[in-house]
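Read off the chains here:
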Amino acid sequence: MKDRHKAFANLLVRRRWMLYLSLSVLLAVVVCGIFAPYLAPHDPSFVDFSHKLESPSWDYPLGTDQLGRCLFSRLLYGTRVSLGLALLIVVACLLSGLLIGCLSGYSGGWIDHAVMRVCDAVLAFPSLILAISLIAVWGAGWKQMAIALVIVQTVYYARFVRGLVINLKQQTYVTAARVCGTNPVRILMRHIVPNMLPPLLVVVTLEIGWVIMDISALSFIGLGIQAPTAEWGAMINEGKSFIRSHPRLMIAPGAMIFVMVALLNLVSDAFGENKGFGSPLRRKSKST
Amino acid sequence: MKLYSYVWKRILTMVPVLLGASFVSFLLLRLTPVDPAKAYLSVSNIRPTEEAIQAIRSQLGLDVPFWTQYANWLWQLCRFDFGTSFFSKLSVGSEFMNRLPITAALALVSLLLAIAVSVPLGIVSALGKNRPIDHICRFLAFLGASLPQFWLAYMLIYFLSVKMDWFPLQGAESWRYYVLPSFTLAFSLIATYSRLLRAGLLEGLEEPFVLYARARGLGTYAILTKHVLRHAVRPVVTAAGMNLGKLFTGTVIVEQIFGMPGMGGFFLESVFHRDYPVIQSYIFVMAFVFVLGNLAADLIQAWIDPRLTRFEEKGGK
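For the protein sequence lines, the chains are U and D, in the order given. Here the numbering used here is used: the first residue of the first sequence is 7, the next is one more, and so on. Here the numbering used here is used: the first residue of the second sequence is 249, the next is one more, and so on.
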């Protein structure tokens, strides 16, 4: 038994070490993104044909692309775009998911039934394909992409929140509050929502990574953020024609996506509750 | 008998989901900022005069009430008639049938590859828990969860096609063209499946019946194949069903990168042409395949573990 305790303690220490390391690297990347205007050696969209497709040098740490723009600066600015937009989307999803999930889970009855049927209909589609079709209807662009992703993802959040609400609703303290005649909105805000935060935190860290991946995939196929903007997926799309002569144009932005997603995965994994690198949102529910 | 009634019940639950999916795909066309008739005219390079728009509207069936249109759409779907493409003027159904074999082959090969690799990987990883081999497997799983698919595809192209010249770059003429795309698609699946299998096996190996089997003198191999694997495989089957969506999303991107003339690439082309009938039909077909995949996963599970059907009948969970 003692060995087992020791092993467990070791695991905790190792996990904590992982958490601190990945969190600090993540923080460093975020800070670099925020202070990109001060850190970037060049303007990310400054076109200079006299310096096109240059190899890495002191002036251009990662070289330049086909239009003579500084690759390093573009990567830095790309952090802002990807991370900012991903945060925006995740927060929007979280808010709408909380609203719908609480309404559906707490009220129960026909409202719950109707909401869940709508969710089922949306969940019948592979999510990114539905997002692509929504963008197809509205036209390409970052706003359309954001709205499409929010609509598609909200359903997962709503279902997850609903499950949590139904669980928490049965707690004694909620019943006690109801007996006292507290109004439902207050019960939700004071007793239910705060208790959902820990699992939601894990979900959100993981989802930011997934949304970054979705954004870059959509921008890569030309439906999301459009070309002149420094966004990693769009940069890979631009760089792919130079795969033979200048592979770094496509390797570097991809590596950035990978690092970001990997860090977020590590952080949420260290927070626990997440087995198998799959978001709890995507797990098969035992609803209805 | 019990299995039969379970199968029927499970098939019946598909009906409302598919109805909902057909409605969502129908609604998609009503969300367009431009009139679909005008879109049709602009794709066909016809000047949008008033009478031309009216003619196209009645041709596309847009001049009847909303619910009649939906009923027509449903009736079309029942007959597998997906309308005519705005762009090529061919029937969408035949366009799909021409491209389906490539996508189906790609998806199937990827799925089989993923299973063939992840099962041994999961077993090795669980048996050698916390040994180097386990760490390697877990690192692979981690990579699979974090690597963007389209980037992985380009890295494979760069290292194996451009530098080594082992595999052809673009097309779908022979089996050699399928190697890189299916590996790209399988990679993230391998990560998920092997991790799930590892967790399932580790849990299963703690069960009392394993101890009993050991006491009876059974070897590790026999215990694994006869007792533990059967249960550990279940979450993998569920994941395979759930992941079908991810797999098909992957085919959209991968087919475009590798220039394979399959359904996914066709769908993306149609997105850029605003070929609404194709988009609408494609997402319905995807929903259908996705729902069917989940059904298959559930049925396989019920077949592996008949207890599941009994739980269902009690009306509990």
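None of these hints come from the bench; they were simulated from the model. What you are looking at is a predicted structure, and each value in this text was computed from that prediction instead of being measured. Just so you know, even glycine gets a beta-carbon here, dropped at the ideal spot from N, CA and C. Treat the hints with care, as some may be off.
Computed far set for chain D versus chain U, every beta-carbon distance over 10 Å [said to hold, decoys possible]: (1) 277; (2) 331; (3) 347; (4) 367; (5) 396; (6) 423; (7) 462; (8) 509.
Only pairs whose alpha carbons sit at most 30 Å apart, straight line, appear in this in silico DSS-like list of lysine-lysine [claimed, not checked]: (9) D:474 / U:246; (10) D:494 / D:257; (11) U:149 / D:494; (12) D:377 / D:474; (13) U:149 / U:246; (14) D:286 / U:149; (15) U:246 / U:58; (16) D:337 / D:286; (17) D:494 / U:246; (18) D:411 / U:58.
Cβ pair distances, simulated, as ranges [what the hints assert, rightly or not]: (19) D:463 / U:182: 33 to 39 Å; (20) D:459 / U:62: 57 to 63 Å; (21) D:413 / U:51: 35 to 41 Å.
Each hint, compared with the structure:
{"no.": "1", "hint": "277", "result": "violated (8 Å)"}
{"no.": "2", "hint": "331", "result": "holds (15 Å)"}
{"no.": "3", "hint": "347", "result": "holds (15 Å)"}
{"no.": "4", "hint": "367", "result": "holds (16 Å)"}
{"no.": "5", "hint": "396", "result": "violated (5 Å)"}
{"no.": "6", "hint": "423", "result": "holds (23 Å)"}
{"no.": "7", "hint": "462", "result": "holds (20 Å)"}
{"no.": "8", "hint": "509", "result": "holds (17 Å)"}
{"no.": "9", "hint": "D:474 / U:246", "result": "violated (49 Å)"}
{"no.": "10", "hint": "D:494 / D:257", "result": "holds (26 Å)"}
{"no.": "11", "hint": "U:149 / D:494", "result": "holds (24 Å)"}
{"no.": "12", "hint": "D:377 / D:474", "result": "holds (20 Å)"}
{"no.": "13", "hint": "U:149 / U:246", "result": "holds (25 Å)"}
{"no.": "14", "hint": "D:286 / U:149", "result": "holds (24 Å)"}
{"no.": "15", "hint": "U:246 / U:58", "result": "holds (16 Å)"}
{"no.": "16", "hint": "D:337 / D:286", "result": "holds (16 Å)"}
{"no.": "17", "hint": "D:494 / U:246", "result": "holds (23 Å)"}
{"no.": "18", "hint": "D:411 / U:58", "result": "holds (23 Å)"}
{"no.": "19", "hint": "D:463 / U:182: 33 to 39 Å", "result": "violated (51 Å)"}
{"no.": "20", "hint": "D:459 / U:62: 57 to 63 Å", "result": "holds (60 Å)"}
{"no.": "21", "hint": "D:413 / U:51: 35 to 41 Å", "result": "holds (36 Å)"}
Going down the numbered hints, you'll see the structure goes against 1, 5, 9 and 19, while the others check out.
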